[in-house]
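Given the structure of chain F, go ahead and fit chain U onto it with the hints provided.
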Amino acid sequence: MVKEYILLIIGAVLVNNFVLSRILGICPFLGVSKRLDTAMGMGAAVIFVMTLSGFVTSWCDKYILVRYNLEYLRTIFFILVIAGLVQVVEVLLKRFSSTLYSALGIYLPLITTNCAVLGSAIICATEEEFMGRIFKSTVFCFASAVGFALALVLFSSVRERLELSKIPRSFQGPAIALVTAGILAMAFTGFAGLGS
Amino acid sequence: MIDIVMMTGTGILLGLAIGLVVRYFGVPEDPLVESLNELMPGANCGGCGLAGCSDYANAMATGRAKPGLCPVMSAEAVAKCCELLGVESDTSEPKIAVVCCSGDDNHAAKQAFYNGVNDCLNAMLVAGGAKGCTYGCLGLGSCARACPFGAIEMLPNHLAKIHADLCTGCGKCYMACPRNVIKLVPRSAAKVHVYCNSPEKATVKKNVCKAACIGCRKCARTAEEGQIVMNGFLASINYDNPPAEEIVETCPTKCLRKAE
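Sequence lines, in order, name chains F and U.
Here numbering that gives the first Met the number 0 is used: the first residue of the first sequence is 0, the next is one more, and so on.
Here numbering that gives the first Met the number 0 is used: the first residue of the second sequence is 0, the next is one more, and so on.
One chain only, chain F, in its complex shape (with noise of 0.2 Å):
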């Protein structure tokens, strides 16, 4: 049982990386990893958000769409959910903690349909492993979403470092960022069999 969990998290965050191997969540990826500060902001909001919504949606899968035979509205119906939620969460934590609210700012509307998010909640609703069982499914949101502030994180990072090296003048900009990209989830491919 633990090691069930142990080992869904270990394959989260490592070996199937939300960014670096199975390529969701690339726009925030690139675009809010500039600076190490941001990208903790944003990485902070996608776990909150997307164990929130990996919670809502998977409840809502097993009871809703599964038990009247509408899995065919899943895309549409999580896109509406998830939207509908963070929406409500943003107004309550204006309200009741304002010092995370403006930790998360605008990153908190702006992940409400990205990709990643929307990823694991439909991941969690389709695969075999996870159907059903909501717990796990959450766990396993909680687990991608740390995987991908860690990537967030570490690319930030180097990218803060490639701000000061001296870049070829035609590999300056988005293009060194993504040649990095490429060469960070080409390390995280190491991680693979871990675990198993």
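These are computed hints drawn from the structure, not numbers from a lab.
In this text the structure is predicted, and so the values were computed from the model without any measurement.
C-beta: ideal position from N, C-alpha, C; glycine also.
Be careful, since some hints might not be right.
[Claimed, not checked] Now the in silico label distances, taken between C-beta atoms and shown as ranges: (1) F:I166 <-> U:T221: 48 to 54 Å; (2) F:Q171 <-> U:N117: 32 to 38 Å; (3) F:T125 <-> U:M6: 18 to 24 Å; (4) U:N117 <-> F:R168: 20 to 26 Å; (5) U:D54 <-> F:Q171: 45 to 51 Å; (6) F:I25 <-> U:D54: 24 to 30 Å; (7) F:S96 <-> U:K190: 56 to 62 Å; (8) F:R168 <-> U:G10: 39 to 45 Å; (9) U:N117 <-> F:Y4: 54 to 60 Å.
[Said to hold, decoys possible] Coverage of chain U stretches by chain F, computed from C-beta distances (three or more under 8 Å per stretch; other residues unrestricted): (10) 151-165; (11) 234-247.
Positioned in the frame of chain F, the structure of chain U alone reads:
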């Protein structure tokens, strides 16, 4: 049938939930910020130096920024902002952008045939684009695409033209131009301009452009002291003390012209 009912129901329920949460838990926005926001032009051009209009409104309300930084706002709107904030108005002179080049295809000599990406910065990287003059307008319209107000027209003979009635002086084109051909000048003084940007010697300029400023100093001698200053081989208008419009008669190459 059940799918339609379910999706509609979920939508309505979520809408209601958000509405109720906002109604009972929402934090009311500062009325000061709201009324400042209404005075904003809403173009989000970033000309004030902050991230968009609502950010500027927020910054003004919290005292992080002064009113009058927005180059687009009318003087009345700035005055109203000052009134709302209870501070002395400190208005900046409204500006207008000018393309200081007359080198369209009829005047500027071509050095090459450029058929690359239709963007000035790209043309700059490839040996300086099609025209022979390396200071003039590249004519590929990066400024026109950067303009949030549609005030820049690209003439078919590769020269940017600014429509003064639409230009708000936000400075986006000024930032977008890789050649710094576009200048921001005070609107009230924008009567006469030197439509040339090249500091090269007259012989060099003459070879690449028929409408270049050849540095003959005729205008500078005719105008009153200090109204036109010579920057090397290029005449430039002193916009703090602009010359009379009649001065354009003196220019032999017609690069000194009235504002269009």
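Hint-by-hint comparison with the structure:
1. Take F:I166 and U:T221: their Cβ atoms lie about 52 Å apart, and the range 48 to 54 Å holds.
2. A C-beta distance of roughly 22 Å is found between F:Q171 and U:N117, which places it outside the suggested range of 32 to 38 Å.
3. Between F:T125 and U:M6 the beta carbon distance is about 20 Å. The supplied range of 18 to 24 Å therefore holds.
4. The supplied range of 20 to 26 Å is met by U:N117 and F:R168, whose beta-carbon atoms lie about 22 Å from each other.
5. Take U:D54 and F:Q171: their Cβ atoms lie about 28 Å apart, and the range 45 to 51 Å is violated.
6. At roughly 27 Å, the beta-carbon separation of F:I25 and U:D54 lies within the given 24 to 30 Å, and the hint holds.
7. Taking the beta carbon of each, F:S96 and U:K190 are about 58 Å apart, inside 56 to 62 Å as hinted.
8. Under the hint 39 to 45 Å, the C-beta atoms of F:R168 and U:G10, about 51 Å apart, miss the expected range.
9. The given range of 54 to 60 Å is respected by U:N117 and F:Y4, whose C-beta atoms sit roughly 55 Å from each other.
10. Three residues within the 8 Å Cβ limit are the bar, and the stretch 151-165 of chain U against chain F gives 0, so the coverage statement is violated.
11. Given a C-beta distance limit of less than 8 Å, the hint that chain F covers the stretch 234-247 of chain U is violated, as 0 residues qualify and 3 are needed.
When the structure is compared with the earlier hints, violations turn up for hints 2, 5, 8, 10 and 11 and for no others.
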